[in-house]
Amino acid sequence: MSMRTKIYLILPVLVFALLAVFFYKGLSLNPEELPSPLIGQQAPQFDLVPPKGADAGFKTADLHKGKVSLVNAFASWCVPCHAEHPLLMELQRETDIPIYGINVKDKPEDAERFLTQNGNPYNGVGADLDGRVSIDWGVYKYPETYIVDGNGKVLYRIIGQITRKTIEDIILPMAEKYNGQAAQS
Amino acid sequence: MIPEIGQFALIMALIVSALGAVLPLIGTFRKDDQMVAMAPPLALTQCLFAAVAFFALMTAYLQSDFSVLNVVQNSHSDKPLLYKIAGVWGNHEGSLLLWVLVLSLFGSAIALSRVIDAEFKARVLSVQAFIALGFFAFSFITSNPFIRVNPVPLDGNGLNPVLQDPGLAFHPPFLYLGYVGFSVAFAFAVAGLIQGKVDGRWARYMYPWVLTAWSLLTIGIALGSWWAYYELGWGGFWFWDPVENVSVLPWLAGTALLHSVKVVEKRGALKHWTVLLSILAFGMSLTGTFLVRSGLTSSVHSFANDPERGLFILAFLILAVGGSLLLYGIRASRFELGKPFHPISREGGLVLNNFLLFIATFIVFLGTLYPMFLDGLTGQKISVGPPYYEATAIPIAFIIMLSMVVGPLMPWTLRSRLGRIFRYLVPAAVVAVLAYIGNWFLAPNHTFVGTLGLALAAWVGLGTLLYAWRVFRLQDATGVLARLKRIPRASYGLILAHGGVAVVTIGVTMSGAWQSDFEGKMNVGDSVDVGAYSFHLDTVDENAQGTNYEARRATFTVTKGGDLVKVMNPETRFYTAPPTQTTEAAIRTGPLGDLYAVIGEPAPGGGYAVRLYYKPLVSWIWGGAIIMALGGAIALAGRRRLPVIAQAPARTEAQPAGAAE
Numbered sequence: 001m002s003m004r005t006k007i008y009l010i011l012p013v014l015v016f017a018l019l020a021v022f023f024y025k026g027l028s029l030n031p032e033e034l035p036s037p038l039i040g041q042q043a044p045q046f047d048l049v050p051p052k053g054a055d056a057g058f059k060t061a062d063l064h065k066g067k068v069s070l071v072n073a074f075a076s077w078c079v080p081c082h083a084e085h086p087l088l089m090e091l092q093r094e095t096d097i098p099i100y101g102i103n104v105k106d107k108p109e110d111a112e113r114f115l116t117q118n119g120n121p122y123n124g125v126g127a128d129l130d131g132r133v134s135i136d137w138g139v140y141k142y143p144e145t146y147i148v149d150g151n152g153k154v155l156y157r158i159i160g161q162i163t164r165k166t167i168e169d170i171i172l173p174m175a176e177k178y179n180g181q182a183a184q185s
Numbered sequence: 001m002i003p004e005i006g007q008f009a010l011i012m013a014l015i016v017s018a019l020g021a022v023l024p025l026i027g028t029f030r031k032d033d034q035m036v037a038m039a040p041p042l043a044l045t046q047c048l049f050a051a052v053a054f055f056a057l058m059t060a061y062l063q064s065d066f067s068v069l070n071v072v073q074n075s076h077s078d079k080p081l082l083y084k085i086a087g088v089w090g091n092h093e094g095s096l097l098l099w100v101l102v103l104s105l106f107g108s109a110i111a112l113s114r115v116i117d118a119e120f121k122a123r124v125l126s127v128q129a130f131i132a133l134g135f136f137a138f139s140f141i142t143s144n145p146f147i148r149v150n151p152v153p154l155d156g157n158g159l160n161p162v163l164q165d166p167g168l169a170f171h172p173p174f175l176y177l178g179y180v181g182f183s184v185a186f187a188f189a190v191a192g193l194i195q196g197k198v199d200g201r202w203a204r205y206m207y208p209w210v211l212t213a214w215s216l217l218t219i220g221i222a223l224g225s226w227w228a229y230y231e232l233g234w235g236g237f238w239f240w241d242p243v244e245n246v247s248v249l250p251w252l253a254g255t256a257l258l259h260s261v262k263v264v265e266k267r268g269a270l271k272h273w274t275v276l277l278s279i280l281a282f283g284m285s286l287t288g289t290f291l292v293r294s295g296l297t298s299s300v301h302s303f304a305n306d307p308e309r310g311l312f313i314l315a316f317l318i319l320a321v322g323g324s325l326l327l328y329g330i331r332a333s334r335f336e337l338g339k340p341f342h343p344i345s346r347e348g349g350l351v352l353n354n355f356l357l358f359i360a361t362f363i364v365f366l367g368t369l370y371p372m373f374l375d376g377l378t379g380q381k382i383s384v385g386p387p388y389y390e391a392t393a394i395p396i397a398f399i400i401m402l403s404m405v406v407g408p409l410m411p412w413t414l415r416s417r418l419g420r421i422f423r424y425l426v427p428a429a430v431v432a433v434l435a436y437i438g439n440w441f442l443a444p445n446h447t448f449v450g451t452l453g454l455a456l457a458a459w460v461g462l463g464t465l466l467y468a469w470r471v472f473r474l475q476d477a478t479g480v481l482a483r484l485k486r487i488p489r490a491s492y493g494l495i496l497a498h499g500g501v502a503v504v505t506i507g508v509t510m511s512g513a514w515q516s517d518f519e520g521k522m523n524v525g526d527s528v529d530v531g532a533y534s535f536h537l538d539t540v541d542e543n544a545q546g547t548n549y550e551a552r553r554a555t556f557t558v559t560k561g562g563d564l565v566k567v568m569n570p571e572t573r574f575y576t577a578p579p580t581q582t583t584e585a586a587i588r589t590g591p592l593g594d595l596y597a598v599i600g601e602p603a604p605g606g607g608y609a610v611r612l613y614y615k616p617l618v619s620w621i622w623g624g625a626i627i628m629a630l631g632g633a634i635a636l637a638g639r640r641r642l643p644v645i646a647q648a649p650a651r652t653e654a655q656p657a658g659a660a661e
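Read top to bottom, the protein sequences are chains A and B.
Each residue of the first sequence is one higher than the one before, starting from 1 at the first, in the working numbering.
Each residue of the second sequence is one higher than the one before, starting from 1 at the first, in the working numbering.
Honestly, I wouldn't trust all of these hints.
To be verified - Ranges between beta-carbon positions, derived for each pair: (1) B:Ala315 <-> A:Leu14: 15 to 25 Å; (2) B:Phe355 <-> A:Lys177: 57 to 67 Å; (3) B:Lys485 <-> A:Leu14: 44 to 54 Å; (4) A:Leu11 <-> B:Lys31: 32 to 42 Å; (5) A:Lys177 <-> B:Pro591: 53 to 63 Å; (6) B:Leu377 <-> A:Glu109: 29 to 39 Å; (7) A:Leu11 <-> B:Ala482: 49 to 59 Å; (8) B:Ala603 <-> A:Lys67: 22 to 32 Å; (9) B:Phe170 <-> A:Asp169: 29 to 39 Å; (10) A:Asp169 <-> B:Phe355: 32 to 42 Å.
Said to hold, decoys possible - Below 16 Å or equal to it, Euclidean Cα-Cα: the simulated EDC-like pairs (lysine to aspartate or glutamate) are: (11) A:Lys177 <-> A:Glu112; (12) B:Lys521 <-> A:Glu112; (13) B:Lys197 <-> B:Glu336; (14) B:Lys521 <-> B:Asp538; (15) A:Lys165 <-> A:Glu90; (16) A:Lys6 <-> B:Glu336; (17) A:Lys25 <-> B:Glu308; (18) A:Lys67 <-> A:Glu176; (19) A:Lys67 <-> A:Asp96; (20) A:Lys52 <-> B:Glu519; (21) A:Lys52 <-> A:Asp110; (22) B:Lys560 <-> B:Glu519; (23) A:Lys107 <-> B:Glu390; (24) A:Lys153 <-> A:Asp136; (25) B:Lys566 <-> B:Asp529.
No wet-lab data here; the hints were simulated from the structure.
The beta carbon of each residue, even a glycine, is placed where N, CA and C say it ideally should be.
Can you make the complete structure from the sequences, with help from the hints?
Laid out in structure tokens, this is it:
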């Protein structure tokens with residue numbers, strides 16, 4: 001057996017080794033622990049028209065109305081978004097925190113179906129057809145939710161579905177804290 | 001007391017699997033018959049302890065023993081019995097226990113096999129025990145299901161209501177049977193590498209295990225898709241969710257393996273490729289486990305994620321897959337060369353099949369992991385959605401469908417009468433073109449991709465029927481029954497499996513192109529026509545009571561031409577433990593089509609958002625998957641009666657055209 005064939009045989013394990021390095025890096029990357037580069041910064045500039053099925057669009061100025069608000073990146077093709085949606089509906093019913101949506105890379109009819117079936121909890125929704133705005137926000141996984149203060153500064157990032165626990169432990173206390181600060185100053 | 005028994009059984013299983021991984025293997029090197037003979041009893045003992053541990057946990061669930069943390073976190077005393085049982089594998093720790101139990105059951109089945117010779121069996125069982133050792137250790141060290149809590153809470157947190165569903169009760173066990181089934185192929189590959197020899201007999205031993213795993217995984221994936229169809233209330237059946245994708249990866253690799261093993265068996269060729277595919281299929285099962293449990297991908301299936309667990313599985317993945325590939329690099333040069341074959345032959349067709357399935361595996365793998373790769377390389381964050389898969393995976397699936405009619409009609413090795421296959425291909429092609437034209441002009445919502453898919457379904461369906469016609473020589477009525485009996489079961493398997501693909505595709509394309517729907521607002525008392533059906537909204541009960549939930553329950557009376565078809569009750573359920581809201585679509589399933597009704601939120605200004613569908617032939621998607629799995633089962637049933645052969649004989653000629661295996 002020549003040397004050449006042997007190198008050929010070792011190729012699969014080399015490819016796998018490369019993959020394993022990525023897996024290891026992926027583990028330490030754990031994006032849920034990495035704060036977004038946007039935290040503490042102003043939200044990016046954008047102005048999106050509403051998707052079919054919604055009346056109000058979503059633009060940067062909406063985040064400068066003096067109240068803590070949520071920005072939720074979602075899509076009809078994202079299954080966890082379906083699971084998360086009832087909680088957003090509940091937040092809209094039971095609190096006065098404004099919720100804005102970025103509808104990412106959805107076909108207009110899909111976005112419409114999503115909002116008519118599941119309800120529309122958003123004060124404004126933007127149709128991010130090419131995903132550019134969600135990239136500006138640094139959306140990593142869907143769904144993703146940002147807490148933004150009344151002056152458009154990004155306070156916090158929740159990757160993946162919001163849960164009852166994140167609402168009670170993070171969203172409500174933060175809204176109270178920053179709305180209170182704004183009222184004092 | 002019972003949790004302690006479970007704990008003890010888990011430790012014993014761990015020890016026995018450690019012995020089973022080492023002793024028989026040493027025996028094969030030392031030519032020590034006694035040590036070699038220890039492999040089967042060790043495998044059976046390990047299985048016994050795994051079963052005790054599993055049933056101890058199940059008992060804790062059935063008794064609602066809230067002194068066990070796992071039961072507290074995932075069960076509730078009000079939960080219906082079925083979900084108390086299913087709750088055992090509805091969480092990370094319990095599902096891991098099911099995983100090792102299934103693995104041990106496969107080990108026992110090999111241990112009891114009468115056809116595999118003792119030495120090879122010892123090698124295979126050692127590899128199996130090594131895998132089991134990894135998972136027992138994983139369970140014991142990072143995910144022990146028997147941890148107690150103190151003080152004992154009054155009641156548990158309940159099972160996520162989305163999971164309280166009969167479809168989901170059976171989805172994980174089938175999926176695991178499939179995933180873990182490929183561990184047998186992996187063990188065969190590693191054992192083959194250790195002995196430095198892979199031949200027709202090796203392939204012959206391995207084939208039934210690959211068939212078993214493939215059939216079970218097919219059912220497992222279909223159950224998952226069925227669950228998504230009726231539980232998520234979205235009417236879709238596949239979402240390209242990362243966790244759905246990782247269940248398809250071993251299926252694609254396993255489908256390739258199923259075909260390449262035949263070439264090893266018949267020709268002694270493709271040995272390297274088949275060994276690598278065996279490692280790949282199980283490697284994909286492990287990768288899937290790694291991705292789901294480590295939280296590297298976001299999905300509805302997310303388990304309690306824990307970096308420590310991710311690290312453990314990664315270490316095991318590297319040891320098992322990296323180790324076996326290294327072994328391949330060192331030992332594979334010993335494989336003897338197989339018999340050459342002409343590219344235009346059944347073997348050539350199978351190589352093409354493997355090439356295409358490998359590309360399909362790669363595409364789905366890349367789509368699932370690309371966000372992670374890109375993040376690792378550049379820090380850029382992106383996500384991959386359905387458009388990627390529609391642009392890449394579907395064309396490949398189409399090419400596979402195109403080739404899967406031609407392949408079975410090809411003779412083993414090239415012969416001069418190749419032109420004959422056009423007698424079968426031409427009618428199939430004509431019907432496919434007619435299906436294309438018919439759908440394009442008649443279907444209410446046709447798309448190019450859907451229409452092409454339907455045409456290919458017709459091509460595969462008719463092509464497979466014509467193949468059956470040729471195998472059974474149906475044109476010759478005399479002695480048909482005798483021939484039906486004599487034809488190898490594997491031919492029946494091929495016909496059903498390929499026919500099943502056509503049925504699935506017909507379901508996917510027809511349900512899209514011929515769907516009628518209504519999405520909008522309805523007041524109580526309104527009627528809406530959906531296709532030939534009329535939906536009348538009789539009542540909406542805002543406070544309907546369920547076993548462990550409250551619900552908004554709508555009552556639709558569905559009529560067709562004035563005749564009552566069905567009273568349908570879609571619900572939106574509000575669970576208290578844990579507090580969650582789920583959508584329960586009401587579905588009337590029929591062989592010709594499904595009626596599908598969803599009740600949504602109250603609309604501003606009165607009325608409710610509703611979605612009503614008529615989806616023709618949608619149940620064919622799952623029916624087709626069952627036909628495919630049945631094909632696997634029938635091919636398997638035929639294997640047992642075949643005598644074990646010492647070496648794959650060189651059957652280069654004198655193969656009757658139809659007697660394909």
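How the hints compare with the structure:
1. B:Ala315 <-> A:Leu14: 15 to 25 Å: holds (19 Å)
2. B:Phe355 <-> A:Lys177: 57 to 67 Å: holds (59 Å)
3. B:Lys485 <-> A:Leu14: 44 to 54 Å: The hint (44 to 54 Å, Cβ to Cβ) holds, given that Lys485 of chain B and Leu14 of chain A are roughly 51 Å apart.
4. A:Leu11 <-> B:Lys31: 32 to 42 Å: For Leu11 of chain A and Lys31 of chain B the Cβ distance comes to about 34 Å; the hint holds.
5. A:Lys177 <-> B:Pro591: 53 to 63 Å: At 59 Å between Cβs, range holds.
6. B:Leu377 <-> A:Glu109: 29 to 39 Å: holds (35 Å)
7. A:Leu11 <-> B:Ala482: 49 to 59 Å: This hint holds: roughly 51 Å between Cβ atoms.
8. B:Ala603 <-> A:Lys67: 22 to 32 Å: holds (27 Å)
9. B:Phe170 <-> A:Asp169: 29 to 39 Å: holds (35 Å)
10. A:Asp169 <-> B:Phe355: 32 to 42 Å: Violated, since Asp169 of chain A and Phe355 of chain B (Cβ atoms, about 52 Å apart) do not stay within the stated range.
11. A:Lys177 <-> A:Glu112: violated (35 Å)
12. B:Lys521 <-> A:Glu112: Given pair Lys521 of chain B, Glu112 of chain A holds - Cα atoms ~13 Å apart, limit 16 Å.
13. B:Lys197 <-> B:Glu336: holds (8 Å)
14. B:Lys521 <-> B:Asp538: holds (14 Å)
15. A:Lys165 <-> A:Glu90: holds (14 Å)
16. A:Lys6 <-> B:Glu336: holds (15 Å)
17. A:Lys25 <-> B:Glu308: Within the cut-off at roughly 14 Å; holds.
18. A:Lys67 <-> A:Glu176: Given pair Lys67 of chain A, Glu176 of chain A holds - Cα atoms ~10 Å apart, limit 16 Å.
19. A:Lys67 <-> A:Asp96: Within the cut-off at roughly 10 Å; holds.
20. A:Lys52 <-> B:Glu519: Given pair Lys52 of chain A, Glu519 of chain B holds - Cα atoms ~13 Å apart, limit 16 Å.
21. A:Lys52 <-> A:Asp110: holds (9 Å)
22. B:Lys560 <-> B:Glu519: violated (19 Å)
23. A:Lys107 <-> B:Glu390: holds (14 Å)
24. A:Lys153 <-> A:Asp136: OK: Lys153 of chain A and Asp136 of chain A at ~14 Å, within 16 Å.
25. B:Lys566 <-> B:Asp529: At roughly 14 Å apart (the allowed maximum being 16 Å), Asp529 of chain B and Lys566 of chain B satisfy the hint.
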